[in-house]
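All chains should be modelled from the sequences, with the hints used to inform the complete structure.
If you read the protein sequences in the order shown, they are chains A and Y. Numbering that gives the first Met the number 0 puts the first residue of the first sequence at 0, with every later residue one more than the last. Numbering that gives the first Met the number 0 puts the first residue of the second sequence at 0, with every later residue one more than the last.
Treat each hint with caution, since some may be false.
Said to hold, decoys possible - What follows is a list of derived Cβ distance ranges for each label pair:
#, chain 1, residue 1, chain 2, residue 2, range
1, Y, L14, A, T312, 28 to 36 angstroms
2, A, L329, Y, P9, 43 to 51 angstroms
3, A, E77, Y, E136, 25 to 33 angstroms
4, Y, E4, A, D269, 24 to 32 angstroms
5, A, L253, Y, D79, 28 to 36 angstroms
Claimed, not checked - Lysine-lysine pairs mimicking PhoX-like chemistry, simulated, CA-CA at most 25 angstroms apart:
#, chain 1, residue 1, chain 2, residue 2
6, Y, K138, Y, K149
7, A, K200, Y, K141
8, Y, K8, A, K42
9, A, K279, A, K200
FYI, nobody ran anything at the bench for these hints, they're computed from the structure. The beta carbon of each residue, even a glycine, is placed where N, CA and C say it ideally should be.
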Amino acid sequence: MTLDNLTSQNGEWLSGSGPQQDIVISSRVRLARNVASYPFMSKANRLQRTELHRLVRENLLQAPSTGAGRTVFYVDMEKTDEIDRQLLVERHLISKQHAAGEGARGVAISNDEALAVMVNEEDHLRMQILRSGLQLREAWQEADKLDDLLQQHLDFAFSQRFGFLTACPTNVGTGLRVSVMLHLPALKLTGDIEKVFRAAKDMHLAVRGLYGEGTEAIGDFYQVSNQTTLGRSEEEILAEFNDVIIPRIIQAELAARQILENERPLALDDRIGRAIGVLKYARLLSSEETLYFLSHLRLGVVMKRVTGLDLPTINSLFLQTQPAHLQRLLGKQLEGDARKSARAEFVRNKVGKNNL
Amino acid sequence: MHLCERCNKPATVHLTEISGGKPHEVHLCDACAQEAGYIQQSHVPINELLNQFLKSHAQMPDVQTQRCPDCGLTWQEFKDTGLLGCGRDYDLFEKQLQGVIERAQHGGTHHTGKTSASSAPGAAPAAEDPVKLRQAEIKRLKKELDIAVKEESYETAARIRDQIKSMEGPS
Ligand SMILES: [Zn+2]
Ligand SMILES: [Zn+2]
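Below, the structure written as C-alpha cells:
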C-alpha cells in the first residue's frame, strides 16, 4: 500500500454507503494520548522525539490493533514531500499542523483509511477512526478497542482527577473529539443555517468547514464537533451527539429540502441546472468554485432531480478536484490557469453525461 | 467606512461571498459575523481564558518562580503557549489550572470517563509487561544521567548513557 494507491481509491468514509449518507458524509472519533514516561511534544528534545516516534510506530505496526483483517502502513512525514503531505490533509488523514510540522513524526494508516494515527502531533498519539455516514458508535467502539490494545504495551499519562493528560487542557479527560461532517445545502439556501449555528454554539459545539479551520464553509459542508472533554463520559458525549444533536440537524435539513421541493421547485432546479451548466461547460475552475457547484449538484442527485450520477462519484469528485489530488492523478505539477483548466476538463469528463 | 449590514455598528469583517455564481460583498461587525457563522472559533481561545483568569486572581506567590523539575515548564510559558510540558504539570500547577480548565471545559472539573489500563483497579502492575518495564528503567536511568551531568561526574554519565543506549537498541 502506498500513497499512489490512495489517490485513486475512495476511502471507506467517502463510499457514500453509511447510514444517513444523503446528509451525513462521515463520522469521526479522535482520541488524544501521551506516553507517560516522556514529556509532551513542546518539551521533548530531539532524541526523545525520535525515540517516541520509533516506540509508537513499532507498537502501531505490531499490534493487531486494527482488527478485521486490516493492514496498516506507516508514512514518515520527514521522508514525505509537500504534495503528498497535502494529499493526506485533503483526505482528512492528517491535520494541516502535522503536514507543516517539523521533526520526527508520522502517521499510521489502514488500507481502507478508516484508521489513522498521527504520531508526534500536538500529542504523542492522535488516533482517528473515520466512517462513512452516521456511525459514531461504531467509530467509538473501534477507537476504544485500539486504545485498549495499545495500552497493553504503552503506559499513557493519566491522572485520577483529570483523566488522560494532554498537552492542551482543552483536550484533557477523555481526550475524545467527536466530529460529524454534514452536507447542508438546503439549510443554506433557505437561510436557516444560522439558526443551526446559534443552537450549536449554545450547546458548546464547534462548527467549521470541510477544509481548514476558521474559514467559511465552502460547498455547504459543516463539521460539528464537541468542545468539552472533561466532566462527561465518552458515552455521554456520544449519546448527545448521536441521539440528539445530529438527528436534529438532519431533521432540519430534510425539512428545508421538503420546503424547496414543494414551495420553490423552480428555484431549486435553477440552482442545480446552473451548477451542471458550469461544471459541464466551464473551461477554468478553481477548487472553491468547484466545491460550491458540486454541492448543488450533490443536492440534485440525492433529491433525485438529476439522473446519470451516483453519490460515490460525486463524493470522490469533491476529493479529486482538490489541488494535491488533481496533480497526483494527472501526474504533474500544475499552477494557475493550467491547473484550473485541467480541473475543468477532469470535472467535465465525469459530469458530462448527466441530465436534469 | 462600511457599517454592519445587520446592526449598523462599524463593520470589521469584510467578505466576498459567491452566491448564484456571482460575487457579492458582505460587511459585518464581529458579533454579527460570529452569529452568522462567518467567523468560527476552532479552538477555545485559551489565551483569552487565561488572561481573564489571571486578572481575577492577581499574583499568586509561588507561581512566578515555580518550574517543573521534570520538563522545566513555568507558568509563564504555559500562559504564552497554552501548552503544558509534561503530565506532572497537571499536579504541579493544579491550583492555577483549575480555573482555566473549568472555563475551557464549560464547568467540567473531574474526569468521569474511561480509565487507563494501569490505573484500573486490579490492573496488573505495569512492571509485569517487559516493554513497560524497559520504559520505566530507561526513564529512571535518564534522571540519573541528568544528575550525573549536573554534578559533572562525566565518567558515571558516560556509563549511564551507554546503558540507556543498549536498552533502547532494537529489542
Ligand atoms: Zn453587527
Ligand atoms: Zn513538566
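Status of the hints after comparison with the structure:
1. At about 32 angstroms, the CB distance of Y:L14 to A:T312 agrees with the hint of 28 to 36 angstroms.
2. Taken as a hint, the range 43 to 51 angstroms holds for the pair A:L329 and Y:P9, whose Cβ atoms sit roughly 47 angstroms apart.
3. Between A:E77 and Y:E136 the CB atoms are about 28 angstroms apart, so this pair conforms to the stated range of 25 to 33 angstroms.
4. With their beta carbons about 25 angstroms apart, Y:E4 and A:D269 fall inside the hinted range of 24 to 32 angstroms.
5. Between A:L253 and Y:D79 the beta carbons are some 47 angstroms apart, a value that contradicts the proposed interval 28 to 36 angstroms.
6. For the given pair, Y:K138 sits about 17 angstroms from Y:K149 by alpha-carbon distance, which is consistent with the 25 angstroms threshold.
7. The hinted pair formed by A:K200 and Y:K141 fails the criterion: a straight-line CA distance of about 46 angstroms is larger than 25 angstroms.
8. Annotation: proposed proximity of Y:K8 to A:K42 is violated, straight-line Cα distance about 45 angstroms (limit 25 angstroms).
9. Distance hint between A:K279 and A:K200 is unfulfilled; the C-alpha atoms sit about 38 angstroms from each other, more than 25 angstroms.
Comparing the model with each earlier hint shows violations of hints 5, 7, 8 and 9; every other hint is respected.
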